[in-house]
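J.: Here's the letter readout for the chains.
Number of protein chains: 4
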Amino acid sequence: MIIVMKPGVLPKQIREVMERIKKMKLEPHLLRGTERNVIAVIGDERNLHRQPLEAIPGVENVMAVLKPYKLASREGKKERTVVRAHGLTIGGRALAVIAGPCTVENRTMLRQTARGIKALGAHGLRGGAFKPRSSPYAFQGLKVAGLKLLAEARRESGLPVVTEVVDPRDVPAVSRFADVLQIGTRNMQNYELLKAAGKQKKPVLLKRGLAAGINEFLMSAEYIMAQGNYQVILCERGIRTFNDYARNTLDLTVIPALKELTHLPVLVDPSHGTGKREYVIPMARAAVAAGADGLLVEVHPHPDRAWVDGHQTLSLDEFARLMDEVGKIATAVGRTLN
Amino acid sequence: MIIVMKPGVLPKQIREVMERIKKMKLEPHLLRGTERNVIAVIGDERNLHRQPLEAIPGVENVMAVLKPYKLASREGKKERTVVRAHGLTIGGRALAVIAGPCTVENRTMLRQTARGIKALGAHGLRGGAFKPRSSPYAFQGLKVAGLKLLAEARRESGLPVVTEVVDPRDVPAVSRFADVLQIGTRNMQNYELLKAAGKQKKPVLLKRGLAAGINEFLMSAEYIMAQGNYQVILCERGIRTFNDYARNTLDLTVIPALKELTHLPVLVDPSHGTGKREYVIPMARAAVAAGADGLLVEVHPHPDRAWVDGHQTLSLDEFARLMDEVGKIATAVGRTLN
Amino acid sequence: MIIVMKPGVLPKQIREVMERIKKMKLEPHLLRGTERNVIAVIGDERNLHRQPLEAIPGVENVMAVLKPYKLASREGKKERTVVRAHGLTIGGRALAVIAGPCTVENRTMLRQTARGIKALGAHGLRGGAFKPRSSPYAFQGLKVAGLKLLAEARRESGLPVVTEVVDPRDVPAVSRFADVLQIGTRNMQNYELLKAAGKQKKPVLLKRGLAAGINEFLMSAEYIMAQGNYQVILCERGIRTFNDYARNTLDLTVIPALKELTHLPVLVDPSHGTGKREYVIPMARAAVAAGADGLLVEVHPHPDRAWVDGHQTLSLDEFARLMDEVGKIATAVGRTLN
Amino acid sequence: MIIVMKPGVLPKQIREVMERIKKMKLEPHLLRGTERNVIAVIGDERNLHRQPLEAIPGVENVMAVLKPYKLASREGKKERTVVRAHGLTIGGRALAVIAGPCTVENRTMLRQTARGIKALGAHGLRGGAFKPRSSPYAFQGLKVAGLKLLAEARRESGLPVVTEVVDPRDVPAVSRFADVLQIGTRNMQNYELLKAAGKQKKPVLLKRGLAAGINEFLMSAEYIMAQGNYQVILCERGIRTFNDYARNTLDLTVIPALKELTHLPVLVDPSHGTGKREYVIPMARAAVAAGADGLLVEVHPHPDRAWVDGHQTLSLDEFARLMDEVGKIATAVGRTLN
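Residue numbers (the numbering used here), protein chains in the order written: chain A, 1 to 338; chain B, 1001 to 1338; chain C, 2001 to 2338; chain D, 3001 to 3338.
Possibly wrong hints are sitting among the right ones.
From chain D, some residues computed to sit far from chain A (all C-beta separations above 12 Å) [stated by the list, open to error]:
id : residue
1  : G3121
2  : A3145
3  : F3177
4  : L3316
Output of the computed footprint for chain C on chain B, the stretches with three or more beta carbons under 8 Å from beta carbons of chain C [stated by the list, open to error]:
id : stretch
5  : 1002-1008
6  : 1029-1036
Because the hints were derived from the structure by calculation, they are not lab data. These numbers come from a predicted model, not from an experiment. Beta carbons are placed, not taken as given, at the ideal position from N, Cα and C, and that holds for glycine.
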């Protein structure tokens, strides 16, 4: 940690900072510059997190040198994590494509979707039973009945199921029926939900928050891991910017950035990430070209009749085209999509 | 609702959209323009929320005319809501200033703070017992023990207590001890928590999310109100932008904007909104000048020893200056701070 | 154009708006809804641009139906524009890769770079002679001497030259020496420079501004085209968001969005778009996968001795790897890179 | 400057960095930590600006300790700058209110505006003769004819004139007619224009760019000052964020931040900063409460007939109310508006 003191700082203010650091069993080094004095701290600065150094008179700025996460960090664990769930493998050489409707509507459409995507090569089935909707008057999902339909579709298709959980109280039920628990964008910093997901055994797919910096994203993964569940999958799904031509701004550079910082696998959701059907296939290609370990895609047999998110949902024909085009990109980057 | 059709749209695509609208008991009007055909919908377009009109071939764009919220809207309720809780009044001519530490640390500091701010004219005591921290290794609050200390401080000081709840399972406990339940920034779209808060009787202080548009903010208030609890207080606390000189960007223009759209009272939190002690007092003045109904401010007897957020916390002396300066602004805008 | 009137609007306010529209030779249609009255305008609404309709009492909101640009629009010109300059072709099936140093430093390094990239298959040479630097004390480019070195490098290597112009007064000189004039991010809305570039004959490469919406980007292209120069190349190079792990946020979704709206070719600059050498190759792959017509990349024989932007500049070895990897992606999307 | 080395950095990489620093006549200090090695640099790190330290293998991150600007910095000049121009004083105890139409339309309206605002207590007249418009088809201003009308209005009213310059070639003409040259948002990083403005004698009002960080804003001021013109006025006018309810997000916290960093005076433009007439007066009050040295406000005798920006322009009656309300805030913060 580097502590920059204000110009004109008093000797006793410098001493106060040095004392605090020593009390935490760390080693402060004072560097006297021409315009600023700087105190560099040797040792694990994460021990300083309870010390409000910036609140001490004379301190101008505190700059961290180390990352705030440990379990999620590649420095701690060099080999990449491969998450496995009911035949689904995320993080290896083969890409994982998880597809399905935004929301589970009924048995017929879910079965039709599962069969369709399975035949086209998808590796997992997604579908919402508990839906976080921005309007209290909008359809909130079939809940447990939806979970049961998902379990049924899994039995029939053999596809592992990824579904969202939005309430710590529902974690046991979702964990019983699903193969992977999804934590959505709006809940990325719902720490009680993260803890509950960390306490059960199924892998957790964590979506990046709309305004989450990369450290915050990894700290939310760390929350789950700190409970003992190391099977975490990260998912980029668009951030909020001034952009007006698309619902969100898909931040694909986060893929190489995450690959540098963490050993966890990284998926991309081009459906929510763009919010527009026309952009889904090009951005799916781009995500894989940038190094993503797979995709999460909204597919519905009849997007124009989907209850939710129809404007960003692919039909089965379009999904077939996605698989074809993404398959070529996979080959080009030395990966497979079989 | 205005539906803009693509150039070259087919007659049957236009018919399809018109049919859908009629099925929802709404009235479509087709306007043939030189470059675009447009369908205007007469009637309550909110009934269309389950219709994925944008997914229908031939549709270029759908523009809403009405606001998506009703209970929170000023169109439904002209007179301004005044929230009352244990002597605290928010939304009337008098401003409400709620102060206290970021987190409840122990009895002594809480008592000292409560006495101090009470003597300086504060109207409520804030303090966290359940803390949503971005690191799983950071102090997470004293929990129920913290709630008990808050209740004790209330008895002694007479100040009503505002405290955060982060888990639907904790709502009953927090509701028993607190006078106002706070829902924090990271949980603004934690809909299960909003519903739980809407089902109990105490007023709810809802903080704006870091990336929340004004409609989303009001829709989250609508979630609480849709459960029957109309005592909602909105709180601006800074949004996330590219700005690097402060932790967040305090968006004060949202105050007149909210006053136009909703009857709910609006507070401002200049501590989180700026993240830096030096900016708190000027922005507290600005918030009141812009029309805020009050302030939420972090105060600690010894900010440089605060466990959390010391860099943005005022000392009691600084809080005295805030009250003095804000009092003058209150007078200048025809309000009181007594 | 759709004009939404406020609730409680007066009949004479509606009449006032209708009159204004008729005066502009357009046809207003009044639609009386249950909660709002709406006036739809038939005809070319771009004629209304001098009418401050939103300033008329009773008007709540004005929503445009048509795009504000014409020459840049795909509605006006269906076939895609292919820009040609001294053997360089941008916008056809073959991709265009333009590489070179951020700034022209001297004859030796420029010659070395030009030879190096030419041998690796680059199609154009970039290099700054006039540099827009954020510090007045930083090196501002070799200016005309730099242009001459670029012209020399072109003669020797056969590579067409792309170089930035920052002042309308320099347009004739840059136009004489360069094959393509670049207008940089900070000057995207420097309208006098756009006009000057539109008045000369060489193609113009227009970089997107850090905070430019897609309409603004296209309107800046329209500025150039309105002067008679239709040879405009668009270039995405990262936008400014809250992201902290990279200098900018490369917005690749803008590629399919632009392809839908305009006939102009689209390049991507992954060097500025990420600001970090490690991210350049993955994002170059992603850009081509998303449909870009080519790349603009910073290359220097010795990035760690580059005067400017060394942290985001590739060495020739790294550029060789980029060409190899991008070539495979090109094949996967049905394009060529030879 | 603090240089953080990567984990696993080689001794020769550390030596390379140390050598580079010594060559620049600065003093490197190597601090060996448990997880990272850090090199702290003593001396004026601004000398390192041509050294691409981040491009050296083994370097993870470079953190600046000093600010990049000098002339604009409060560290160099403690006393606040007061700008004076033809009777206008900006930066003293008295606030400066500069009002007028977005664009000069004709003699009658300009004269009417100048008289009106003068009678209501304005201190300066603003009005555009050269207009940077986002559409090439929109009215671009009366140019020199507009300058002459402004000069005439100044003679008649006695009000000093502030007007925008958009092209370095126009600087002499604008400098002859105007009392203060305005450089607009879109040109904040048009460095050739900044240099030209820095070479003439009249004060320069510099508006913050839509996506400008505080350092970039001050570096643009530094550009002007580096040419010898120290009479620079900064103006906050809204930044671009995800906000949808207003055209821009007025960032008032930048006022106390700028007051800490620079001695230059700071104005606020609540007209562009909000883009909506209803928000102008509350945000004008808030700006002054936050510590602004004055306001730049759009006023027109008939906003609903204004050629440009009518939706954000005040009528003279509204401007009278602004002056009344801002006057009370001025008193509350110990300033005057006479």
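J.: Is it the case that F3177(D) keeps its Cβ farther than 12 Å from each residue Cβ in chain A?
T.: 36 Å, holds
J.: Would A3145(D) pass as off the interface with chain A, using Cβ distances and a cut of 12 Å?
T.: Non-interface label stands for A3145(D): nearest chain A Cβ at 36 Å, farther than 12 Å.
J.: Count the residues of the stretch 1029-1036 of chain B whose CB lies closer than 8 Å to any CB of chain C, then report whether that count reaches three.
T.: holds (count 7)
J.: According to the definition I'm using, a residue is off the interface if its beta carbon is farther than 12 Å from all beta carbons of the partner; does L3316(D) meet that for chain A?
T.: Per Cβ check, L3316(D) is outside 12 Å of chain A; nearest 34 Å; holds.
J.: Taking a Cβ-Cβ distance under 8 Å as contact, does the stretch 1002-1008 of chain B have three or more residues in contact with chain C?
T.: Answer holds; 3 residues pass the 8 Å Cβ test.
J.: Check the non-interface label on G3121(D): least C-beta distance to chain A beyond 12 Å or not.
T.: G3121(D) is indeed farther than 12 Å from all Cβ atoms of chain A, at 36 Å.
In this structure, none of the earlier numbered hints is contradicted; all agree with it.
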